[in-house]
Structure formats: structure tokens, C-alpha cells
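Given the sequences, and given the hints that come with them, work out the whole structure.
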Amino acid sequence: MRDIRLLGHAFNPGMLIEPFVQSNPGLGGVCTFVGEVRSDPGVEALELTHYEPLTLPGMHELADRAFGRFDLLGLLMVHRIGQLHPGEPIVCVSAAAKHRRDAIDAVDFCMDHLKSAAWFWKREKHPDGWHWIEPRTEDHADLARWNN
Amino acid sequence: MAVTILFLGPLRDMAGEAAREVPGPLDWDGLLAVVGEEVAGQLQEARVNVACRGKVLADKTALDAQDGDEIALLPPVSGG
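Protein sequence lines, in the order shown, are assigned to chains A and Z. Quick note on numbering: the first sequence equals residues 1 to 148 in my numbering. Quick note on numbering: the second sequence equals residues 1 to 80 in my numbering.
For the record, the hints were derived by calculation from the structure and aren't laboratory data. Don't take each hint at face value.
List time: in silico SDA-like cross-link candidates among lysine to any residue, alpha-carbon distance up to 20 Å [said to hold, decoys possible]:
hint : chain 1 : residue 1 : chain 2 : residue 2
1    : Z       : 55        : A       : 56
2    : A       : 125       : Z       : 38
3    : Z       : 55        : A       : 49
4    : A       : 98        : A       : 31
5    : Z       : 55        : Z       : 37
6    : A       : 125       : Z       : 55
7    : Z       : 55        : A       : 62
8    : Z       : 55        : A       : 55
9    : Z       : 55        : A       : 69
10   : Z       : 55        : A       : 98
11   : A       : 98        : A       : 21
12   : Z       : 55        : A       : 117
13   : A       : 98        : A       : 69
14   : A       : 125       : Z       : 12
15   : Z       : 60        : A       : 129
16   : Z       : 55        : Z       : 6
17   : Z       : 55        : A       : 60
18   : Z       : 55        : Z       : 16
19   : Z       : 60        : Z       : 12
20   : A       : 125       : Z       : 16
21   : Z       : 55        : A       : 64
22   : Z       : 60        : Z       : 38
This is how it looks when you write it as C-alpha cells:
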């Protein structure tokens with residue numbers, strides 16, 4: 001079962017994960033990661049923009065690669081776009097597999113790619129205005145782990 | 001008909017607008033000439049990509065946009 005989505009409104013990860021788990025009979029394990037907007041001091045809001053012709057197709061290609069690389073039964077990948085506030089979920093990736101390692105690694109793989117190789121641009125609203133966020137060097141190092 | 005140039009992410013602030021229409025056809029030198037000095041400087045960095053007709057160009061300097069095409073200027077990303 002494969003469910004790849006961009007959402008322009010707030011979502012409750014539990015409402016997605018429950019049906020996702022139910023739709024993958026025979027699984028041996030499910031691994032789920034939920035990323036939320038951190039309550040960093042001074043951050044009032046966060047905005048994610050995307051580019052329609054590339055962003056969702058890019059997420060589907062990423063899912064194809066995850067299915068090719070890991071032994072998966074299902075993959076859920078949901079990413080927010082638009083304006084968010086601290087505490088709101090921004091991304092949810094869940095993988096169902098027969099064995100735990102495939103599920104855990106697939107989520108790790110998808111998250112590393114979503115952080116620094118998917119078509120999203122993120123900016124934070126501080127008291128003095130909006131600031132664009134660039135991926136950190138750690139994000140690129142995380143991504144490079146999958147290059148072999 | 002014209003070529004539409006979209007400024008994504010921080011490039012939007014540099015350009016002062018989200019999109020601009022210019023007469024086609026438009027090649028790499030033409031693009032650099034119409035986007036303003038600051039955006040042109042960014043475009044020449046390897047980490048900034050260019051998409052045309054919904055596909056990222058492997059070689060952005062080979063840009064060949066015709067009337068009706070959409071070009072997207074894609075700075076480094078930050079998701080998740």
C-alpha cells in the first residue's frame with residue numbers, strides 16, 4: 001500500500017497511520033517518523049513552499065527508490081505545505097515491512113532525502129520578519145550515507 | 001505568448017516578485033540578462049537548478065525555452 005501526499009492543511013498523523021497499518025496485512029513491523037515544527041525561541045511560524053510539477057513527482061520517485069532498496073509492504077509519505085505553527089506536524093513517513101530493519105531503514109532513507117533532496121523551501125517567521133532556511137551540513141552528510 | 005520565469009524560495013525575495021513573463025525564445029544568456037544581477041549571480045552557482053517544462057535541466061546552460069514554456073529557478077532546498 002502506497003500513500004504519497006502533499007497536504008495544505010493541518011493533519012493528525014494518527015488518523016493516517018491507523019488505516020495505513022490496517023491496509024498492510026501480513027506485516028511484521030511498522031516504523032513511523034513524525035516531524036513537527038520545533039518550538040524554538042523566536043519562531044512564530046514556518047512556511048513551506050513547493051513547485052507543483054516537481055515536488056509530488058519527486059516524492060513518488062523517492063518512494064520508488066525506497067521500494068527498490070528495501071523489502072517493503074507499504075509506504076506512507078505525507079508532507080505539509082503552506083504556513084504552520086510550532087507543534088504542528090510537518091512530515092509523516094511510515095513504512096510497513098515483514099521485518100523491522102527494512103521498515104526502520106526505509107523511513108530513515110526517506111527522511112534524509114526529504115530533508116535535503118526534495119523540492120521544498122522552508123522559511124521561519126521571527127519577530128523581525130521571515131528568514132529562509134537552508135539545509136544544514138549535517139543534512140547533506142545524512143544524505144550521503146545512502147550513496148553506496 | 002511568452003516565457004514565464006518562476007522565482008522559487010529565496011530567489012523570490014531577490015527578484016522582488018514570484019514570476020515574470022518575458023518574450024520567448026529564451027536561452028541561458030537571455031535568462032541571465034532578464035533576471036537581474038543578484039539572481040543571475042545565484043544562477044551561476046552549481047547549487048541552483050533550473051527546470052523547464054516541468055523537468056530539471058541536467059545542463060542549465062543548454063536552456064532553450066520557447067513561447068508558452070515555464071522556467072523555474074530552483075535554489076537549494078530545505079524540507080522535512
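Results for each hint:
no., hint, verdict
1, Z/55 to A/56, "holds, 13 Å"
2, A/125 to Z/38, "violated, 23 Å"
3, Z/55 to A/49, "holds, 18 Å"
4, A/98 to A/31, "holds, 11 Å"
5, Z/55 to Z/37, "violated, 25 Å"
6, A/125 to Z/55, "violated, 31 Å"
7, Z/55 to A/62, "holds, 16 Å"
8, Z/55 to A/55, "holds, 11 Å"
9, Z/55 to A/69, "violated, 24 Å"
10, Z/55 to A/98, "violated, 36 Å"
11, A/98 to A/21, "holds, 12 Å"
12, Z/55 to A/117, "holds, 15 Å"
13, A/98 to A/69, "holds, 14 Å"
14, A/125 to Z/12, "holds, 16 Å"
15, Z/60 to A/129, "violated, 32 Å"
16, Z/55 to Z/6, "holds, 13 Å"
17, Z/55 to A/60, "holds, 15 Å"
18, Z/55 to Z/16, "violated, 24 Å"
19, Z/60 to Z/12, "holds, 19 Å"
20, A/125 to Z/16, "holds, 18 Å"
21, Z/55 to A/64, "holds, 18 Å"
22, Z/60 to Z/38, "holds, 18 Å"
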